[in-house]
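Let the sequences and hints guide you as you build the complete structure.
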Amino acid sequence: MQRPGRTRRVTLAAVLLGAAITAVLAQRGYHASAQQPAEPGPRGKAVYDSHCVECHGSTGKGDGPAALTLVPHPRDFTIGRYKIRTTETGSLPTDEDLIGSVKRGLPGSSMPGWEGLIPDADIVAVVQYIKSLSPRFAAEAPEPIGASQPVAATAESAARGAAVYAALQCAKCHGDDGRGAGAVATSFMDDWGAPMRAANLSEPWTFRGGPAAADIYMRFRAGISGTPMPSYKGSATDAQMWDLANYVASLRRKPVWEMSADELTTFYREQDAAAAANPVARGEYLVNVLACPVCHTPADEQRRSIPGMRLAGGLRMQLNPWGTWPTGNLTSDKETGLGNWTDDEIKRTITKGILKDGSRMLPFPMDWASFSTLSEADLNAIVAYLRTVPPIRNKVPPPTRAALPVHLWNKFRMLALGADVPSYFFSGNAGVTTGDQR
Amino acid sequence: MKTFLKWGGLTLFVLLVVGFGAFLYNIPPVLLIAPETFQANVAKAAPQVDHIADPATRALAARGRTLVMHIGCIGCHATNGDTGPDYSKYLAGGGIKIVSHAGQFVSRNLTPDAETGLARRTDDEVKRVLRSGVFPDGHMVPYTSMPWGSFSQLTEDDRHAIVVYLRNIPAVKHRIPDPVLEPATLPDGAVEGVFGLKDYGIN
Numbered sequence: 014m015q016r017p018g019r020t021r022r023v024t025l026a027a028v029l030l031g032a033a034i035t036a037v038l039a040q041r042g043y044h045a046s047a048q049q050p051a052e053p054g055p056r057g058k059a060v061y062d063s064h065c066v067e068c069h070g071s072t073g074k075g076d077g078p079a080a081l082t083l084v085p086h087p088r089d090f091t092i093g094r095y096k097i098r099t100t101e102t103g104s105l106p107t108d109e110d111l112i113g114s115v116k117r118g119l120p121g122s123s124m125p126g127w128e129g130l131i132p133d134a135d136i137v138a139v140v141q142y143i144k145s146l147s148p149r150f151a152a153e154a155p156e157p158i159g160a161s162q163p164v165a166a167t168a169e170s171a172a173r174g175a176a177v178y179a180a181l182q183c184a185k186c187h188g189d190d191g192r193g194a195g196a197v198a199t200s201f202m203d204d205w206g207a208p209m210r211a212a213n214l215s216e217p218w219t220f221r222g223g224p225a226a227a228d229i230y231m232r233f234r235a236g237i238s239g240t241p242m243p244s245y246k247g248s249a250t251d252a253q254m255w256d257l258a259n260y261v262a263s264l265r266r267k268p269v270w271e272m273s274a275d276e277l278t279t280f281y282r283e284q285d286a287a288a289a290a291n292p293v294a295r296g297e298y299l300v301n302v303l304a305c306p307v308c309h310t311p312a313d314e315q316r317r318s319i320p321g322m323r324l325a326g327g328l329r330m331q332l333n334p335w336g337t338w339p340t341g342n343l344t345s346d347k348e349t350g351l352g353n354w355t356d357d358e359i360k361r362t363i364t365k366g367i368l369k370d371g372s373r374m375l376p377f378p379m380d381w382a383s384f385s386t387l388s389e390a391d392l393n394a395i396v397a398y399l400r401t402v403p404p405i406r407n408k409v410p411p412p413t414r415a416a417l418p419v420h421l422w423n424k425f426r427m428l429a430l431g432a433d434v435p436s437y438f439f440s441g442n443a444g445v446t447t448g449d450q451r
Numbered sequence: 385m386k387t388f389l390k391w392g393g394l395t396l397f398v399l400l401v402v403g404f405g406a407f408l409y410n411i412p413p414v415l416l417i418a419p420e421t422f423q424a425n426v427a428k429a430a431p432q433v434d435h436i437a438d439p440a441t442r443a444l445a446a447r448g449r450t451l452v453m454h455i456g457c458i459g460c461h462a463t464n465g466d467t468g469p470d471y472s473k474y475l476a477g478g479g480i481k482i483v484s485h486a487g488q489f490v491s492r493n494l495t496p497d498a499e500t501g502l503a504r505r506t507d508d509e510v511k512r513v514l515r516s517g518v519f520p521d522g523h524m525v526p527y528t529s530m531p532w533g534s535f536s537q538l539t540e541d542d543r544h545a546i547v548v549y550l551r552n553i554p555a556v557k558h559r560i561p562d563p564v565l566e567p568a569t570l571p572d573g574a575v576e577g578v579f580g581l582k583d584y585g586i587n
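Protein chains in written order, with the numbering used here: chain G, 14 to 451; chain W, 385 to 587.
In case anyone wonders, no lab produced these hints; they're calculated from the structure.
The model shown is predicted, which means the values in this text are computed figures rather than measured ones.
A couple of the hints might just be wrong.
[To be verified] Here are some chain G residues pointing at chain W (derived, C-beta under 7 Å):
| hint | residue |
| --- | --- |
| 1 | I136 |
| 2 | G206 |
| 3 | A207 |
| 4 | W270 |
| 5 | N291 |
| 6 | S345 |
| 7 | A382 |
| 8 | F439 |
[Stated by the list, open to error] Cut-off 27 Å, straight-line C-alpha distance, at most; resulting in silico cross-link-like pairs (DSS-like, lysine-lysine):
| hint | chain 1 | residue 1 | chain 2 | residue 2 |
| --- | --- | --- | --- | --- |
| 9 | G | K365 | W | K428 |
| 10 | W | K511 | G | K96 |
| 11 | G | K365 | W | K386 |
| 12 | W | K511 | G | K360 |
For each residue, glycine too, the CB sits at the ideal point set by N, CA and C.
Below, the structure written as structure tokens:
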């Protein structure tokens with residue numbers, strides 16, 4: 014039995030709360046659509062299975078085939094912990110948060126913006142499906158952060174923000190110039206044990222949550238769950254967080270697509286100087302973008318890299334009609350990896366396809382001819398990085414040539430009969446692991 | 385005389401068979417050609433950027449050219465002629481066909497041809513493939529067939545330079561078949577099959 018006055022107050026409070034949420038969402042450009050029913054329909058799973066599995070995995074654990082080649086790693090949906098939210102720290106994201114991330118994508122990661130690629134209704138459906146993968150969404154409700162008064166992006170605000178940057182010790186992770194270099198802490202793991210980098214604050218086009226001051230403010234206010242980036246609620250006032258957001262936005266450098274020829278010359282000279290100053294970092298960049306780990310890491314039957322075996326070799330490649338070439342162990346292990354190879358031997362393999370024992374590799378699939386266009390400095394950087402890859406003892410068997418009659422018969426089919434003789438990549442590790450590295 | 389003819393003929397026959405076998409064994413002569421020859425062919429294959437009038441575009445394209453050469457896009461996006469890759473059709477694709485659980489993908493034409501190449505795609509669409517492996521119709525190429533997971537680690541600056549270079553190489557008309565998005569049959573344990581000896585383009 015409630016008194017009428019109390020009912021009115023509850024109703025009024027509900028209306029005001031709804032209005033506040035709508036105002037926040039409208040300010041952020043979201044459709045103020047009603048919360049969708051929590052029941053995932055079959056459409057959501059169908060969309061997920063056709064568009065999300067390659068990275069997030071068939072069970073949503075963030076362990077899809079491509080997962081281990083991506084930095085940051087894809088989200089594990091089964092935990093229900095999300096980085097990009099407009100909700101209190103530790104709280105669940107709203108439907109609009111999730112829909113926004115799917116629509117816009119997460120810049121600086123492999124998550125593309127799906128808006129326009131798949132129908133909006135499919136995006137809504139897949140978000141409901143993703144929510145059903147974690148029990149948290151059934152048990153808890155998101156706690157949206159209320160509207161806040163923006164501080165105009167003036168030089169004074171940015172100057173105050175610089176003081177907040179110092180007071181909150183942002184430089185410890187992001188560096189004095191905000192670019193990450195020179196930071197005290199440079200290697201991070203997220204809560205999922207995956208490597209991550211502190212954001213380079215001068216490159217807002219890589220900000221997952223968006224480049225606008227309002228987006229940046231929200232990251233300070235909400236924190237980035239699962240990473241060392243906390244919520245600053247309590248340690249800074251709302252106005253200070255807006256000043257900081259304006260300061261961070263002011264750190265934006267020009268991207269190359271806005272530079273003049275002279276600026277590009279300077280930019281590339283500085284980039285080359287940075288590479289020369291830190292060859293291991295340059296080598297790591299090259300090893301990753303040249304896709305070395307894709308073949309030099311064994312994979313399971315779903316083509317997922319076997320965890321803990323990065324660059325340990327053992328992916329079996331049957332290169333018909335020639336024979337079987339398992340990929341080499343590129344880790345620094347002395348017995349089974351490159352530990353006992355000289356720099357010149359490693360560089361000769363990369364650029365000429367000649368192995369340590371003098372035998373030759375085919376000109377594919379390892380494209381050593383293309384890698385020979387790398388500068389000497391870049392080759393040295395690759396070697397310097399490979400020397401730092403922790404040893405994994407994985408003894409990869411030597412190449413085996415196909416039996417002569419099989420070889421000749423396949424060549425005959427291929428050359429005289431015009432038959433297609435495909436090569437095959439196999440799952441599993443052709444190498445033998447020993448010791449306790451795994 | 386008859387014996388001589390018989391033995392001579394037999395010897396000739398054996399020599400022919402052995403010779404044909406040896407010929408087959410060494411054709412294509414990928415392990416007989418010096419590595420330096422492969423290196424030289426690849427080094428001179430990538431079109432230069434000197435013709436670009438705008439100096440900023442030229443600087444970007446030069447950086448992109450270096451990246452495209454280092455990464456070795458040509459390793460898959462070559463066009464096969466009768467005796468191996470035809471480097472005069474740089475990055476016109478069709479040189480490789482990869483089959484897997486995801487379907488059948490032929491390396492695409494990366495030249496700026498209006499009908500069959502990247503002139504049909506916006507910069508963002510090209511960058512999305514390089515970052516996410518997602519095509520404008522929403523389909524995805526496996527990261528093992530086209531290593532977009534690796535290319536996603538390029539900086540946006542470097543990714544942009546690559547796109548600028550691709551916009552400024554000679555256009556080659558070479559139509560590539562659309563992907564077939566149905567699982568392919570593979571031998572036991574195989575996760576991918578790679579065809580690479582013909583032109584898998586259409587025309």
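- Task: Classify the hint on G/I136 as holds or violated, based on whether any CB of chain W lies nearer than 7 Å to its CB.
- Result: With a minimum Cβ separation of about 11 Å from chain W (threshold 7 Å), the hint on G/I136 is violated.
- Message: Would the hint linking G/K365 and W/K428 be met if the CA-CA limit is 27 Å?
- Response: holds (16 Å)
- Quick one, are G/K365 and W/K386 close enough, alpha carbons at most 27 Å? violated (54 Å)
- Item | Proposed interface contact between G/A207 and chain W, which counts if any beta carbon pair is under 7 Å | Nearest chain W Cβ about 14 Å off; hint violated.
- Would the pair W/K511 and G/K96 pass a check requiring their Cα atoms to be no farther apart than 27 Å? holds (24 Å)
- Taking the least C-beta to C-beta distance, is G/S345 closer than 7 Å to chain W? violated (21 Å)
- Would you settle whether the hint for G/N291 is holds or violated, based on the nearest Cβ-Cβ distance to chain W being less than 7 Å? Not OK, violated: G/N291 not within 7 Å of chain W, min 15 Å.
- Report holds or violated for the interface hint on G/W270, using the least CB-CB distance to chain W and a cut-off of 7 Å. holds (5 Å)
- Measure nothing beyond the straight line between the CA atoms of W/K511 and G/K360; if it is 27 Å or shorter, mark the hint as holding. It is violated: about 31 Å lies between the C-alpha atoms, which goes past 27 Å.
- Report holds or violated for the interface hint on G/F439, using the least CB-CB distance to chain W and a cut-off of 7 Å. holds (5 Å)
- Task: Hold the hint about G/G206 up to the distance rule: shortest CB distance to chain W must be less than 7 Å.
- Result: violated (18 Å)
- Query: Hint check: is the beta carbon of G/A382 less than 7 Å from a beta carbon of chain W?
  - Reply: holds (4 Å)
In this structure, the earlier hints numbered 1, 2, 3, 5, 6, 11 and 12 are contradicted, and the remaining ones agree with it.
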